[in-house]
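Residue numbers (the working numbering), protein chains in the order written: chain A, 20 to 333; chain D, 20 to 333; chain G, 20 to 333; chain S, 20 to 333.
For the record, the hints were derived by calculation from the structure and aren't laboratory data. Honestly, I wouldn't trust all of these hints.
The list makes no distinction among identical chains, and a pair is therefore deemed to hold if it is satisfied within one copy or across any two copies.
[As the list claims (entries may be wrong)] Here are the computed lysine to any residue pairs in the SDA-like style, where the Cα-Cα straight-line distance is at most 20 Å:
no.	residue 1	residue 2
1	K305	Q263
2	K305	S260
3	K305	R103
4	K305	L261
5	K305	P215
6	K305	G262
Since we're looking at a predicted model, the values are computed, not measured.
4 protein chains.
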Amino acid sequence: MTAVPAGAEYGYLGPAGTFTEAALLQVLPEDAVARPMPSVDAALAAVRSGDLAAAVVPIENSVEGGVSATLDALANGSALRVTREMLVPVTFVLAARAGTALADVRRVASHPHGWAQCRGWVGSHLPEAVYVPALSTAGAAEGLAVDPDAPYDAALCAPLAAQRFGLSVLATDVGDNAAAVTRFVLVQRPGAVAAPTGADKTSLVVFQRDDHPGGLLEMLEQFATRGINLSRIESRPTGESLGQYCFSIDCEGHIGEARVGEALMGLHRTCREVRWLGSYPRADAKAITVTVSTTDQAFGDAGDWLTRLRSGEA
Amino acid sequence: MTAVPAGAEYGYLGPAGTFTEAALLQVLPEDAVARPMPSVDAALAAVRSGDLAAAVVPIENSVEGGVSATLDALANGSALRVTREMLVPVTFVLAARAGTALADVRRVASHPHGWAQCRGWVGSHLPEAVYVPALSTAGAAEGLAVDPDAPYDAALCAPLAAQRFGLSVLATDVGDNAAAVTRFVLVQRPGAVAAPTGADKTSLVVFQRDDHPGGLLEMLEQFATRGINLSRIESRPTGESLGQYCFSIDCEGHIGEARVGEALMGLHRTCREVRWLGSYPRADAKAITVTVSTTDQAFGDAGDWLTRLRSGEA
Amino acid sequence: MTAVPAGAEYGYLGPAGTFTEAALLQVLPEDAVARPMPSVDAALAAVRSGDLAAAVVPIENSVEGGVSATLDALANGSALRVTREMLVPVTFVLAARAGTALADVRRVASHPHGWAQCRGWVGSHLPEAVYVPALSTAGAAEGLAVDPDAPYDAALCAPLAAQRFGLSVLATDVGDNAAAVTRFVLVQRPGAVAAPTGADKTSLVVFQRDDHPGGLLEMLEQFATRGINLSRIESRPTGESLGQYCFSIDCEGHIGEARVGEALMGLHRTCREVRWLGSYPRADAKAITVTVSTTDQAFGDAGDWLTRLRSGEA
Amino acid sequence: MTAVPAGAEYGYLGPAGTFTEAALLQVLPEDAVARPMPSVDAALAAVRSGDLAAAVVPIENSVEGGVSATLDALANGSALRVTREMLVPVTFVLAARAGTALADVRRVASHPHGWAQCRGWVGSHLPEAVYVPALSTAGAAEGLAVDPDAPYDAALCAPLAAQRFGLSVLATDVGDNAAAVTRFVLVQRPGAVAAPTGADKTSLVVFQRDDHPGGLLEMLEQFATRGINLSRIESRPTGESLGQYCFSIDCEGHIGEARVGEALMGLHRTCREVRWLGSYPRADAKAITVTVSTTDQAFGDAGDWLTRLRSGEA
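Kindly produce the complete structure, drawing on both the sequences and the hints.
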């Protein structure tokens, strides 16, 4: 991530108190300012327009899968670059106004993902509770704090949100999956590309040229031939018609590395469109094992050899 | 679909007036009764328990992609079978109480998918409108009809819902994508398998044995080697940890056909788990082109030939 | 190999004293009789007609490669079966009539393969020697013994031939490659197939349906998809026109094993012709490692599972 | 082919009167001199040492397959380049001294390949004839002309040889396959590489890094990924031990083209050794169809795109 001027604004999917804010705090430069945004679309539009220097948005959840709004907003519109990824464990509490007892809870608000991730606990402890959808887990918490007429008694939210809005915590760790984690990305406008670190990830979106049988297989072979592992692949409808997909892909390696470069070139040649979303350090910092035949050295040697042959040397 | 006893209940993702009800009406047997269900999970649980003879749920939307709740509910729990698929065009209207003018609309309710599919129209015609999430497009409409305190002025819903709840239509065809269509499936308990029609589709969920590089490629080759095209593939998190996926797949053909049977066997041998979700007629009734080397005849001939050789004949 | 009646004749590529006779002696049943044959074609024709119970012919040489006459004779004409393979180390001596000194040798006879395998030694020790082609290494030796007018002074042959024809050995181990070995096969008419031993090899010839790009790749995938390794693949012209090949293949495993059976069926479906030449114990008796997903057990389980699903069970 | 100094010597596999001489005459520069050589090895050694400017040797026969001596001599030793290929139809006559009648013929001489290609005719017309191997078809003819003691009565040879040695022709077109053709190559020392013509072929030899399962498949994918068709593939033993092969390959395209260059680089990275034997115009001058995604233009565009992305442009 390049240096930012003092006062640069970093947006995030608000409101304050969400897991997204926690992700932003992992990477916010000292002099930069955090600004909550009402939606992923709004956050990324503000980066595109230059209103924000960068934005943090969720991209993948270990329970619910890819975040469609983010995947689609990155795949369409003017080019953006992912420059960092951050992992945040997802821990839920059941929060209510002071004085509310667990037995009083009839209606529970949360973001649909939050609700989905606490279904088991709610089924056991509040089997009669009605679900009230909210735009965010923090918004559900905030509603209890600021709106006396809020149509619910409790919120499923992050511990940080309960604390920030002065709510009392009726139960902790109410998420069904203790290992749940959400992956966030820092998104910026295109600019100078940071050098490879040896433990990088590359994100891209691939639109296939036509829907011919075996097309997905051929696309995956562009990676396999260069010894590149995929860490995520998701089909997303292009919206044109049922059955028209693009593929949102994360692979190991960095665009500055020869094997990734050649794979990208192969996709560019054979696909209708390839959108490179960025190459950035892996959040887990785990170094990538590169086979001896796909190191930059191996590509360099092969290129030198080819040049010699073409020039007529023995 | 097998014959059903008079009065058999067919569930659908309610409330009444949704696109799902429209889908159900395409296949509801004469003597059967339609019953709205509060959620996909509830509908499928009722099929599993025997409370419902069958249920109709949405599985894929041409704009928003796979319906996670359905994909996940089919992938987990006891076995269910998809026995039919139905396509319903997605057309939205903006509905309000009689006397409301477009200029009066401040807050608009809809299901998040409905909202997403009308974003463009709303941005142009109601740029200041605030979004109020609802559990369904029909629920948003119903709220206007039954709840004088509903915290919104208008609903984005199906034409059927506006009509059913006596609302006035402020604008028609407000969806951004005129070609939008949603695919629904009829789900039943396992039972006798209907014979192939020559224009069938097979749905399955594949859990890979481990996350080895090239695993997806190998899995796709089980189909390619038998000349079977995929019409949909979606990765879904298994929920175990970030980066653990299963694959929800639709392919051409019927489990009763030899090439599909052999591909399923190949997946069963090489994957951790394969869940067959059903083989059923394609909604578009388009016959599948089978190459000469993958017809049932070709498999039969090859099997006869092998038997002869093994028995010592020339 | 099945029991043979007393006096059954086993042919071999003669004359006596060749490496082929040595190979035959490894497998000749006690009561059977060895008969030298003038050519591979003649030997296999006599098996086809029933004149011989079996024949031993060379099929592959570690230096010169596949033996074309054998590969082509097995690929064409009525069906034959390879039932055994035998390995014989190839050791050459330079043999001459008694009284001939190395310095006297001007002309050296041998089979072209024998000559090719001693080129290095001859170049160093007899740089002026002229090569006289012979139909076999043993024939070259025999010529010295029986024909006073033989147009050469010495023969490159097997030690056995020098001994059998009473020649004196001027030099031993004159082959350029001490590790040279020739592989021979025992060929019979089709009959009962011996059971798998767990260390078997299968030989076949594949004629592709047409010469489409990627055809060879698709053919190899029939093996790879079932986890079967190839130990030899040779293209052979079909003789129709330049660039028309068939493929002579040895793979691991036995036709009685499920994975080999399914691969053969796959080839039968997708190729113009597949000729199974036999499944027989490996000469080196090395057991084959079968992955857990391609054992007979795995195929059996997958078949049972498929049967259950098709019958409507959960 | 570059210009040659007057008097430059072009070798060919002799003696005079062979099909090889006919091939040479297709490409011999006006001022160059033809020189017969005793063997393929000798011809190529003389090119390597500089004694010959070039040599013509047979490389592939539509009936007998690859010419082992040529394939092996090109695969080993210092680098050589194939700069042209020539096709010569293979037509045989039965030639004898004046006065010999067909009924008198007891012993027939020819090169083993010549004999093999006339087996059918000889079987029908001279069923009792004994075969006398000769080093070449022309040598068999010459023997009749110059050696009164030649141990045979007739030769199977090219029409040119019968004419040149003043023999009478007892029968024409005695080859079993009227469409038989032999492919010859012109071999030179490495030098400036001629530009692509759009109808080129590239020859190479590939030694795999180790004998791992699926290695051949991976190797072929280096071509397939770049849309390159193979026109010939032959396994040849490396001579190290039984089952160790290298692959002699002809593919479409020219080393100066991007897709061929990238495929060669891929092989160089992943194989133990790749020996490029040359890129030269196809004898049939048939232009190669290149898919839109593998033209030089497509590679150039992809490279430009990658450069832009790496430099930080949008």
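Evaluation of the provided hints:
1. Taking CA atoms no more than 20 Å apart as the test, K305 paired with Q263 passes between copies only; the shortest distance there is 17 Å, against 35 Å inside one copy.
2. Proximity of K305 to S260 under the C-alpha cut-off of 20 Å is restricted to the inter-copy arrangement: shortest distance 16 Å between copies versus 39 Å within a copy.
3. In this assembly of identical chains, the alpha carbons of K305 and R103 lie at most 20 Å apart only when taken from the same copy (15 Å versus 46 Å across copies).
4. Proximity of K305 and L261 under a CA criterion of 20 Å is satisfied inter-copy only: 15 Å between copies versus 38 Å inside one chain copy.
5. In the homo-oligomer, the alpha carbons of K305 and P215 lie at most 20 Å apart inside one protomer (13 Å), although the nearest pairing across protomers, at 45 Å, exceeds that limit.
6. Proximity of K305 to G262 under the C-alpha cut-off of 20 Å is restricted to the inter-copy arrangement: shortest distance 14 Å between copies versus 36 Å within a copy.
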